[in-house]
Amino acid sequence: MFKEFSPLEDKLFQVMDKDGEIIAPEWMPEISDERLVKAFKDMLFARTADLMAVSYQRQGRMFTYPPNFGQEAIAGGMAIVMRDQDWLVPAFRELGAWLAKGASLRDIFLYFMGYEEGTVFRGANNMVPIAVPIASQIVHAAGIGYAINYNKKDEVVYAVVGDGGTSEGDFAEGLNFAAVWNAPVVYIVQNNQFAISVPFKKQTRSINIAVKGIAFGVDSIKVDGNDIFAMTKAVQVAHEHASSGKGPVLIEAVTYRRGAHTTSDDPTKYRTKEEEESWACYDPIDRLRKYLVKKNLWDESKEESLISEYKKEVDRQFEAAENYAPYPLEDVFKYLYVDMPDDLKVQKVEHEKFLKWKEGLK
Amino acid sequence: MEGGSEMKVMTIVQAVTDALDIKLAEDPTIVTFGEDVGVEGGVFRVTEGLQKKHGEHRVFDSPLAESGIVGTAVGMAMAGLRPVVEMQFCGFVYPAFNQIISHAARIHNRSRGRYKTPMVIRFPYGGGINALEHHSESMEVLYAHIPGLKVVVPSTPYDAKGLLISAIESDDTIIFMEPKRIYRAIKQEVPEEKFTIPIGKAKVLSEGTDVTVVAYGAMIREAQKALALAKKDGISAELIDLRTIYPIDRETIAQSVKKTGRLVVVHEGPTTFGVAAEISAMVEEDVFQHLEAPVTRVTGFDTIVPLPRGEHHYIISPEKIYYGIQKSVRY
Ligand SMILES: Cc1ncc(C[n+]2csc(CCOP(=O)(O)OP(=O)(O)O)c2C)c(N)n1
Ligand SMILES: [Mg+2]
Chain A
17 MFKEFSPLED KLFQVMDKDG EIIAPEWMPE ISDERLVKAF KDMLFARTAD
67 LMAVSYQRQG RMFTYPPNFG QEAIAGGMAI VMRDQDWLVP AFRELGAWLA
117 KGASLRDIFL YFMGYEEGTV FRGANNMVPI AVPIASQIVH AAGIGYAINY
167 NKKDEVVYAV VGDGGTSEGD FAEGLNFAAV WNAPVVYIVQ NNQFAISVPF
217 KKQTRSINIA VKGIAFGVDS IKVDGNDIFA MTKAVQVAHE HASSGKGPVL
267 IEAVTYRRGA HTTSDDPTKY RTKEEEESWA CYDPIDRLRK YLVKKNLWDE
317 SKEESLISEY KKEVDRQFEA AENYAPYPLE DVFKYLYVDM PDDLKVQKVE
367 HEKFLKWKEG LK
Chain B
14 MEGGSEMKVM TIVQAVTDAL DIKLAEDPTI VTFGEDVGVE GGVFRVTEGL
64 QKKHGEHRVF DSPLAESGIV GTAVGMAMAG LRPVVEMQFC GFVYPAFNQI
114 ISHAARIHNR SRGRYKTPMV IRFPYGGGIN ALEHHSESME VLYAHIPGLK
164 VVVPSTPYDA KGLLISAIES DDTIIFMEPK RIYRAIKQEV PEEKFTIPIG
214 KAKVLSEGTD VTVVAYGAMI REAQKALALA KKDGISAELI DLRTIYPIDR
264 ETIAQSVKKT GRLVVVHEGP TTFGVAAEIS AMVEEDVFQH LEAPVTRVTG
314 FDTIVPLPRG EHHYIISPEK IYYGIQKSVR Y
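Residue numbers (my numbering), protein chains in the order written: chain A, 17 to 378; chain B, 14 to 344.
The following block holds chain B by itself, in its conformation from the complex (with noise of 0.2 Å):
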């Protein structure tokens, strides 16, 4: 469901507000707390004006541990509230991993369904904001790996609304990666209305012949211009924004791999282990006849994301995906 309402320019910070707003004003079971997020409206501003709005007791400031924030939220889910969680940066999501990995992920399957944990732990993630340590990392891989998590990436305005609004209305336990590199730098019409985008399916960007490009979250952009290049150079590349990492759509992956025979990955984290080696396992089960190259990876080095001066060899260009693509069709 895809509205067709007034539009509004926004930035990715203000079409997640603006999902917020809308669930808070529409849902009285949601909470939404965290670091700072009450009465500064979180470091990004992403909660700004929404204390105001709807209140000390909805939208507020927690102490400082992520331990005790997503704990809380998993009993507030237990007892009947929808919590939505901020998690000040990606770094700093590991206190909480107990809490995530072993009740928020499982407390549906260890009481055979009787509590739900319909819950969202939000977090900006990525490099290219020249931060200090543990601000950079993209860790989707981690989330996604566990059972009984679902994690989201959004790459533009208009999905950050309505996969935020599908994830506030889903009764799992949501991870919701916001590429902050790309926070204020895209703007775009979004409906004012409430419209939701369904978590799980993967959207086909622009279509191709020769190649399949898959990637989410702030790589959308540099494959855009790495497409671009590519197209110079007589080259058709299919473009796939995953959208969802887990429930991954590998049915569009399948179907697009199918007509193009060759694809690439792209994504900010580490390359061992990573989502483009699970990918690369799907696509060989699914479509190994169609495939006309080894599938190639654009992704991070297996190292820790480099202070400010160093980030530039670690972050992924457009040249540098743009070169997978080379690779992919000349292979």
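Next comes chain A alone, as it looks inside the complex (with noise of 0.2 Å):
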């Protein structure tokens, strides 16, 4: 695949069109059609919680989100292959996998609504906090694939960036290090097309990102990142060859950032309605509807009623988060050591010393 598909001619691994059609059989991934119709459904599951966190936070109940919208089918072909036992090391943009790994829709909008415990991911195995500083997060993949050669265990890891994180000094040592450790990771870059306002062309003059993992001696792929089929082969194969002792393998997914960088943002700074409404028609989700309901695998009319059910859903775990405990003092300072500095404890009890005189104030 990798040499079918080599990134140095900018070739594009793509199994099926933007009408559904399965253009590249030889290359279809081995799914049963139960699996198949559980991944539209988690990734429509996902869109609906993505869409709604971005209304919760323009109702003022949520903090800064950053939409997934458009992305969905990198999570969805990441969820076919990840086992319980592998590792996600995230970046911030990957709610399905997520979810897929695990962690509770509550507990994700707790992140966003500004609690920590929100980014512990209690119940999904192998996953680590999300990193803000972009990159960063790929070099700690290469050290977890080191653990997993030292301790002879049967793990993969998986680590996501986006196209602009491609920019970083962490970024080219993350790779270099798994390379030439033999570490088994897949690192998946999200290239969505944007970093904040800074499209793809002005962050690099590489034809794609793909290549860039070729000059480190990693075997790469530039993978349609909204095609579920696509996606899952190359994830699958790329899983194949990490666990099997061949090294690290970068797979370029090549998507588009349909909603804003985060809810912050406006995009209509810097690019256009048009722009935007042609990506529309290679939405990942509109792309698998079409081969299931080819296929007779899906019902359309019954979409709307099964996003209905989604959507109370989604509001009962958002519920769940707003009705979360307050955050007490001692949680500041709780977590920062496992052995707590003397010092630290001094300054919490003349906080609450100061917290009495102030209620005496009133």
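For the record, the hints were derived by calculation from the structure and aren't laboratory data.
Here the structure is a predicted model, which means the values were calculated and not measured.
Just so you know, not all the hints are guaranteed correct.
Unchecked claim - If you want a taste of the chain A side facing chain B, the calculated C-beta under 10 Å gives, among others: (1) F21; (2) T80; (3) G134; (4) N142; (5) I146; (6) V148; (7) V214; (8) D331.
In this text, a Cβ means the ideal position worked out from N, Cα and C, and glycines have one as well.
With the hints as a guide, bring the two chains together.
Okay, structure coming up:
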């Protein structure tokens, strides 16, 4: 696969076209109909939650949130392959992958409501917290990969980063370390064409992102990230490659960020409506739906009621987050060290004295 | 030199834009760049309109890499340009630390003065805007501790304009930290013309006799509220806006403490090894015999700034400053 779709020739790995037709049957991944329908429903659920998150934020019920709208097939493909014991090393725009790993939507909302608790992801096995400093997590993935080899474990690391992130030094260092150490890491770049306002063309002169992996001796491929079949197949091959001791793989998933960078961003400043609309026909959910309908695996008329069911569930999770306990003073201090220095204990006690005094002011 | 021209009401954001605009128009060696700085005009719109006006070769977007941004600025500066670079947030400067500490701060010394680094690294800092992690910290002390750097923190639109113009005109590397919590919260009349405010000089904002309060950046506004509370108590406090963290104006602080005998230092950043600790040591060295109470620090916990729901615990309130003032006066 890496040879046939060489990034050096800017080949794009695609299995299904925008109309839901299979154009490369020889590369069709093995997925049961049932699993495929589940993937569709999961993507639909993630999109419902994502769109609702944006509207909660607009209602002032949540702080800044980064939309995933239009990028759902990347997590969709990962979810089919990633096992419970595999590691997820995320950036901050991987709602579908977090859910697939077992994070609760309530917790994800908690994070964007301003609780550290929301990035603990209790219940999600081998999933580390959200990394906000761009590309810093790419290096951690190589280290986790080293530890997996060291302990002879049957685990693969999935590390995600954006197109902008590939410009950071950490991206190069992480890839190089993973390659030199033969670490079992699947690097997935969500190339959504923008780093906030900066378009891909201004980010790099490389013809694509996958070629960057080649330079480090990492097998790399550029994939249509809005094609669930291409994503699934690429991730399957990459997973097999990494877990059989052949080292890391870099998957560039070409997609488009249909929403704003975050809820504080206004894309009209730097891109046109026409451009946005030109990507609409490649929407990953629409494409999979077309395929499923043709195969009689999906009844479109039932989708509306399913979505309203999802909305209720999202609301339930959101309300659970809204009703989460207040943030005690103790939590500011409690987790900074395993062994808390005395000085810090004193600072808390002193602050409590102030709070008592302040009560007395009223 | 403080101007007396036509006045215009500005926010801190607008004052920074104005300073950049004036300097870009005046000096062809100035360029400004960073992540989203060009087309978008920065995530806080500080550079809005500047690319259109001054051209893409002078105001531009860089790839997403802080070390790259600062490192190329060092190169530009050695080659005769005067770069002003933006780091998107206070918590994203760290990838550039090698370039800042190993080069921007040292090229002049290393080359025995042959090469200069007349550059400004500006970024928003501080808490209080309900942001994600890494967006709320106040780490001025990291820069102030590095030999070869100067650190400037304005507290008003007027100061932002005058200090930034001075920073751009300085031949040294200047770290310019903008209090984003009050980016748009304060509006003030600012001269439309160019004016400068000297780097390294503090400003006495209000005179008093009982206690000296030293603060800077977003804490000035909070300290002013605290002073109003203290006044009701009959306490006369003198407020000093540090304006520059390094080189620190120890003379102005010493003179004030000589008069009041008491000192409260306020900052958002962590307490231990912080700016207040340094000021405390200086005051002890300079005017020990005038001190009537130990120096009081009203400063951040030695913790990470909590995410928004816990941030109120961390943020320094006017009441907490007032508490510090009382503690000092009643010692
Ligand atoms: C080290 C660092 N610098 C800057 C930022 C601010 N920032 C947040 S997201 C972003 C753009 C990221 O673009 P990309 O990697 O393409 O990911 P996307 O947001 O498109 O998913 C920037 C510059 C940051 N979080 N970390
Ligand atoms: Mg991107």
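How the hints compare with the structure:
| no. | hint | in the structure |
| --- | --- | --- |
| 1 | F21 | violated, 26 Å |
| 2 | T80 | holds, 6 Å |
| 3 | G134 | holds, 8 Å |
| 4 | N142 | violated, 21 Å |
| 5 | I146 | holds, 8 Å |
| 6 | V148 | holds, 5 Å |
| 7 | V214 | holds, 5 Å |
| 8 | D331 | violated, 20 Å |
Checked against the numbered hints above, the structure violates hints 1, 4 and 8; every other hint is satisfied.
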